[in-house]
Amino acid sequence: MAIAALLCWLVTAALGLTMFGLWLRNGGLRAARGDASFPTRLVPPLIFGHLFLAVAGLVVWIIYIVNKEVLLAWTALGLLVLVAVLGEMMFLRWKNGRTEGTPESRFPLAIIYGHGLFAVATVVLVSLTALGIGT
Numbered sequence: 001m002a003i004a005a006l007l008c009w010l011v012t013a014a015l016g017l018t019m020f021g022l023w024l025r026n027g028g029l030r031a032a033r034g035d036a037s038f039p040t041r042l043v044p045p046l047i048f049g050h051l052f053l054a055v056a057g058l059v060v061w062i063i064y065i066v067n068k069e070v071l072l073a074w075t076a077l078g079l080l081v082l083v084a085v086l087g088e089m090m091f092l093r094w095k096n097g098r099t100e101g102t103p104e105s106r107f108p109l110a111i112i113y114g115h116g117l118f119a120v121a122t123v124v125l126v127s128l129t130a131l132g133i134g135t
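Okay, so the sequence shown: first residue is 1 according to this note's numbering, each after it adds one.
Honestly, the hints are just simulated from the structure, not real lab data.
Some hints could be false.
[Said to hold, decoys possible] Using C-beta positions, here's what the derived DEER-type ranges look like:
(1) 117 <-> 55: 16 to 22 Å
(2) 128 <-> 44: 15 to 21 Å
(3) 4 <-> 111: 19 to 25 Å
(4) 43 <-> 124: 25 to 31 Å
(5) 34 <-> 133: 47 to 53 Å
(6) 110 <-> 34: 16 to 22 Å
(7) 132 <-> 17: 28 to 34 Å
(8) 66 <-> 105: 39 to 45 Å
(9) 29 <-> 133: 24 to 30 Å
(10) 21 <-> 89: 19 to 25 Å
(11) 33 <-> 128: 22 to 28 Å
(12) 70 <-> 97: 39 to 45 Å
(13) 105 <-> 71: 37 to 43 Å
Backbone N, C-alpha and C fix where the C-beta goes; we use that ideal spot for every residue, glycine too.
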């Protein structure tokens, strides 16, 4: 179960990094600073907080897989919950404020919904592993 969670987490990360790259390439940082004609609804503290907490959680999860310390599984789950809250905030900002021409308006829907689907699967698998179910 822990390895399945890791694989889901890695797919989620790959899809998230794809969106992050698209946001940067389409002028996300420039728009956030107010240097673009279309502002972004995805502010850097939200994006970078989501990214850094997700990476931290993934590192803790990998350490858990190696050491099998249950506290590490719960720590990874706690970080993952924070990541999910920030991710949901970004999703709602994206969904409710899609304006043609903003950096995030160019995100492919399949990547957005795929990222969310794999994120939910990751939370479920990490939760089950932390609870000792299926290990």
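Now the hints, each set against the structure:
| no. | hint | result |
| --- | --- | --- |
| 1 | 117 <-> 55: 16 to 22 Å | holds, 20 Å |
| 2 | 128 <-> 44: 15 to 21 Å | violated, 34 Å |
| 3 | 4 <-> 111: 19 to 25 Å | holds, 21 Å |
| 4 | 43 <-> 124: 25 to 31 Å | holds, 29 Å |
| 5 | 34 <-> 133: 47 to 53 Å | holds, 48 Å |
| 6 | 110 <-> 34: 16 to 22 Å | violated, 31 Å |
| 7 | 132 <-> 17: 28 to 34 Å | holds, 31 Å |
| 8 | 66 <-> 105: 39 to 45 Å | holds, 41 Å |
| 9 | 29 <-> 133: 24 to 30 Å | violated, 42 Å |
| 10 | 21 <-> 89: 19 to 25 Å | holds, 20 Å |
| 11 | 33 <-> 128: 22 to 28 Å | violated, 42 Å |
| 12 | 70 <-> 97: 39 to 45 Å | holds, 41 Å |
| 13 | 105 <-> 71: 37 to 43 Å | holds, 42 Å |
The structure shown violates the earlier hints numbered 2, 6, 9, 11.
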